[in-house]
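Peer 1: One letter stands for each residue in the lines below.
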Amino acid sequence: MTTLKIQLQFGGGAELLFDKIKKREVELPSLKKYFPESQKEKWTIKELLVWMKDNLLMERPELFVQGDSVRPGILVLINDADWELYGELSYEVQENDVIMFISTLHGG
Amino acid sequence: MPAVPCKTGCGKNAMLKRPKTGDALCKECFFWAFETEIHFTITKGELFKPGDSVAVAASGGKDSTVLAHVLKTLNNRYNYGLDLMLLSIDEGITGYRDDSLETVKRNRDDYEMNLKILSYKDLYGWTMDEIVAQIGRKNNCTFCGVFRRQALDRGAAMLNVKCIATGHNADDIAETVLMNVLRGDIARLKRCTAITTGSEGTIPRVKPLKYTYEKEIVMYAHYKKLVYFSTECVFAPNAYRGHARALLKDLEKIRPSCIMDIIYSGETLSVKEEVSMPTLRVCSRCKFVSSQEVCKACVLLEGLNKGLPKLGIGKSSKAKKMLEEYNAKQKAEIDKLNYEFKKNNCVSKGKICKSKCNNVSNGKNDECNDNNCKCSTELNLPVNPKINKLLEEYGLLDDNQEQSLNQDLTKNGNSGLEENTCAGACGGIDGFSIAF
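Here the protein sequences come in this chain order: A and B.
Note that our numbering numbers the first sequence so that position 30 is 30, with each residue one more than the last.
Note that our numbering numbers the second sequence so that position 297 is 1297, with each residue one more than the last.
Hints listed in this document are in silico derivations from the structure and should not be mistaken for laboratory results.
Be aware that one or more of the hints could be misleading.
[As the list claims (entries may be wrong)] Computed spacing ranges between beta-carbons, pair by pair:
#1 B/E1028 <-> A/K42: 50 to 60 angstroms
#2 A/Y34 <-> B/V1275: 57 to 67 angstroms
#3 B/T1073 <-> A/E27: 33 to 43 angstroms
#4 B/I1186 <-> A/M58: 22 to 32 angstroms
#5 B/P1005 <-> A/K23: 22 to 32 angstroms
#6 A/S30 <-> B/D1261: 41 to 51 angstroms
[To be verified] Derived DMTMM-like pairs (lysine to aspartate or glutamate); straight-line CA-CA distance at most 20 angstroms:
#7 A/K53 <-> A/E37
#8 B/K1224 <-> A/D80
#9 A/K20 <-> B/D1098
#10 A/K20 <-> B/D1099
#11 B/K1225 <-> A/D80
#12 B/K1225 <-> A/E15
#13 B/K1249 <-> A/E37
#14 B/K1012 <-> A/E37
#15 B/K1027 <-> A/E84
#16 B/K1027 <-> A/D54
#17 A/K32 <-> A/E59
#18 B/K1105 <-> B/E1232
#19 B/K1007 <-> A/E84
#20 A/K32 <-> A/D80
#21 A/K20 <-> B/E1046
#22 B/K1249 <-> A/E84
#23 A/K22 <-> B/D1083
#24 A/K22 <-> B/D1099
#25 A/K33 <-> A/D80
#26 A/K20 <-> B/D1110
#27 B/K1007 <-> A/D80
Glycine residues also receive a C-beta, built at the ideal position from the N, C-alpha and C atoms.
Please model the entire structure based on the sequences and the hints provided.
Peer 2: So, in structure tokens, the structure goes:
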């Protein structure tokens, strides 16, 4: 099992929850290593959110995640396209994917 | 997962699912639908007339940035003949507004529009930072909202524009409907969905993005690479509104049409005739529109300037009590001063005895006369010459009107918080959406 390299991007204020860094390259470990119990073979957005919460989100996780999804009002883009077109949490993350999180909840 | 084709049949892959219609569209078709819907909202609502000058209320945030961009685009595309300019309010919040104003300045350059920035400091003599230092972080949003509302009106008057366009989006309006229900504010509930607000004698405000979803505004800004500012205000957010907002977002996730449905409910509801509504009139001090004899901004400002920052917060009965206490205290001070004066001065034939005066003064002021002595008995309020000049300019003469204010407050039982929501008569309009 190899690792999975992807890029994470944050905008619209979501970056404020991630050390104000708007772009970061991350390498996900093999899914089996991180979730030994998982029946799945591949990373989906659902597991990615757990990994982000564990590894990147330092404070106030409730501003980013709610239940096992993102907090309503945070948009998720997979390679610049709306995740609602790609199965949302069940989307299987591919090598070199760019996953972007944009908050609609900040300012006006 | 396979790519989804654009619903229009243009042959491209869809990039987003529209919350309003559920359609999957490519970028270009989304831009077209997004802009055309706003164009329809503008024409159907008759928001502008050819030749109008329009001030776009610009905060540097996503909504006003997209509004400025779309209005410029539509003005060119459909020959509205509008003279567009940007109007920003500098509340004086360090680390928030100073940064966002930089974004507005970029909008000014990008869209080639004139920009006018008005500050609370110049208008009222106080920055929000200074107000928060007085009032704390609990009620500061009341000050900010009330002052901003009036500041926009003043700015628009200075720019001599026909109307002010604000960036309120569909989610904002639905949230306001919900908030007014939750607060039992029937007067605002009735008028908050109006697309054009403002009564006679005021500069109307229009909301071209009234039927535009927040998600689409953010996606539009992202795909068009518009630069906007997205830091939350550094002062504590309104917790009650926050809950309403979270509820709405949760509901929207399950059923996106709830936003339009709530707006529709707000537009079509009718209020029983026997429910009394506050009548709009002109503030006796600043001559701006108010639902009270003295408007909220003037009461708040008076509170700040008298060292009673809580004056305009909460029920008017409380404000009345505060002013009574303040007046009683002032009267006691005056009585004391008068007593001291009598003790130290002999008054003969209606004139003050000069010789006695010289005794108490240390030789410096040997021309103690009527005027000088009178001065010492007047209220000793901190005076800011800039404020006085502005107060005068705006007809806000601060000549001890506590007495009349007391009466006004008694007359008008409810305090009528003037928030920066919306005002005016409801003119329901159906939303327009492009479906394929």
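Peer 1: Indicate, hint by hint, whether the structure satisfies it.
Peer 2: Taking the hints in turn, this is what the structure says about them:
Remark: the range hint 50 to 60 angstroms for B/E1028 to A/K42 is contradicted by a beta-carbon distance near 32 angstroms. Between A/Y34 and B/V1275 the CB atoms are about 60 angstroms apart, so this pair conforms to the stated range of 57 to 67 angstroms. As the Cβ distance of B/T1073 to A/E27 is approximately 42 angstroms, the hint placing it in 33 to 43 angstroms holds. As the Cβ distance of B/I1186 to A/M58 is approximately 45 angstroms, the hint placing it in 22 to 32 angstroms is violated.
One distance hint, 22 to 32 angstroms for the beta-carbon pair B/P1005 and A/K23, holds here, with the actual separation near 30 angstroms. For the pair A/S30 and B/D1261, the supplied restraint of 41 to 51 angstroms holds, since their beta-carbon distance comes to about 46 angstroms. Only pairs whose Cα atoms come within 20 angstroms are accepted, and A/K53 paired with A/E37 is accepted, the gap being roughly 18 angstroms. Of the pairs offered as hints, the one joining B/K1224 and A/D80 holds, with about 12 angstroms between alpha carbons and a cut-off of 20 angstroms not exceeded.
Pair hint A/K20 plus B/D1098 holds up; C-alpha atoms about 18 angstroms apart against a cutoff of 20 angstroms. Distance hint between A/K20 and B/D1099 is fulfilled; the C-alpha atoms sit about 15 angstroms from each other, no more than 20 angstroms. Taken as a hint, the B/K1225 and A/D80 pair is honoured in the structure, with Cα atoms around 12 angstroms apart against an allowance of 20 angstroms. Note on B/K1225 and A/E15: the hinted pairing holds, with a Cα-Cα distance of about 17 angstroms set against a maximum of 20 angstroms.
Under the criterion of a C-alpha separation no larger than 20 angstroms, the hint pairing B/K1249 with A/E37 is inconsistent with the structure, at around 33 angstroms. Only pairs whose Cα atoms come within 20 angstroms are accepted, and B/K1012 paired with A/E37 is rejected, the gap being roughly 40 angstroms. The straight-line distance between the Cα atoms of B/K1027 and A/E84 is roughly 15 angstroms, inside the 20 angstroms bound, and the hint therefore holds. With a C-alpha separation of about 34 angstroms, the suggested pair B/K1027 and A/D54 falls outside the 20 angstroms cut-off, and the hint is violated.
Distance restraint check for A/K32 and A/E59: the Cα-Cα separation of roughly 27 angstroms exceeds the 20 angstroms cut-off, and the hinted pair is therefore not satisfied. Restraint check: the Cα-Cα separation between B/K1105 and B/E1232 comes to about 19 angstroms, which is no more than 20 angstroms; the hinted pair holds. Taking the CA atoms of B/K1007 and A/E84, the gap is about 15 angstroms. The hint holds against a cut of 20 angstroms. Between A/K32 and A/D80 the CA atoms are separated by roughly 28 angstroms; this puts the pair beyond 20 angstroms, and the hint is violated.
Restraint check for A/K20 and B/E1046: the C-alpha separation of about 42 angstroms exceeds 20 angstroms, so the hint is violated. Taking the CA atoms of B/K1249 and A/E84, the gap is about 16 angstroms. The hint holds against a cut of 20 angstroms. Taken as a hint, the A/K22 and B/D1083 pair is broken in the structure, with Cα atoms around 36 angstroms apart against an allowance of 20 angstroms. A hinted pair counts as satisfied when its Cα atoms are at most 20 angstroms apart, and A/K22 with B/D1099 qualifies at roughly 18 angstroms.
Between A/K33 and A/D80, the direct Cα distance comes to roughly 29 angstroms. Violation of the 20 angstroms bound is thereby established for this hinted pair. Distance check on the hinted pair: A/K20 and B/D1110 sit about 25 angstroms apart at the alpha-carbon level, beyond 20 angstroms; violated. For the hint linking B/K1007 to A/D80, the alpha-carbon distance of about 18 angstroms falls within 20 angstroms, and the restraint holds.
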